[in-house]
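Peer 1: Required output: the full structure, derived from the provided sequences and hints.
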Amino acid sequence: MNRGVMFSLFLFFGTMVGISLYLNYIKARYDPITLVIIFSLVTVLALPKILDFGQMAVMEKIEE
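Position 14 of the sequence shown, counting from 1, maps to 13 under numbering that gives the first Met the number 0, and the rest follow consecutively.
Calculated from the structure, these hints are not laboratory results.
All of these numbers come straight from a predicted model, not from anything done at the bench.
Do not take every clue at face value.
What the hints assert, rightly or not - Have a look at the derived ranges for each label pair, beta carbon to beta carbon:
| # | residue 1 | residue 2 | range |
| --- | --- | --- | --- |
| 1 | Phe38 | Val4 | 24 to 30 Å |
| 2 | Met5 | Val41 | 21 to 27 Å |
| 3 | Asn1 | Pro31 | 36 to 42 Å |
Beta carbons: idealized from backbone N, C-alpha and C, even for Gly.
Peer 2: Pasting the structure below:
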C-alpha cells in the first residue's frame, strides 16, 4: 500500500465517520429531507477529490 491509497482510504473512512456523527447530532433538529440534501451535497463535493487521490495513487504505482 503506497501513500496515495492510504490517504484516500483514510479520507473516505474519516468522512463517513464524520458524516454519521454529524447526522446523529442534527437528526433531532432537521427533517429527513434536509438530511438527504446535505448528504448528497457532501457526496457530490467529496467524490471528485476521492477520485483524484485514487488516480494519483494509480499513477504513482505505474511510475514505480
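Peer 1: None of the hints should be skipped; say for each whether it holds.
Peer 2: Status of the hints after comparison with the structure:
1. Phe38 with Val4: 24 to 30 Å: 25 Å, holds
2. Met5 with Val41: 21 to 27 Å: 22 Å, holds
3. Asn1 with Pro31: 36 to 42 Å: Given range 36 to 42 Å: holds, Cβ gap about 40 Å.
Comparing the model with each numbered hint stated earlier shows that all of them hold.
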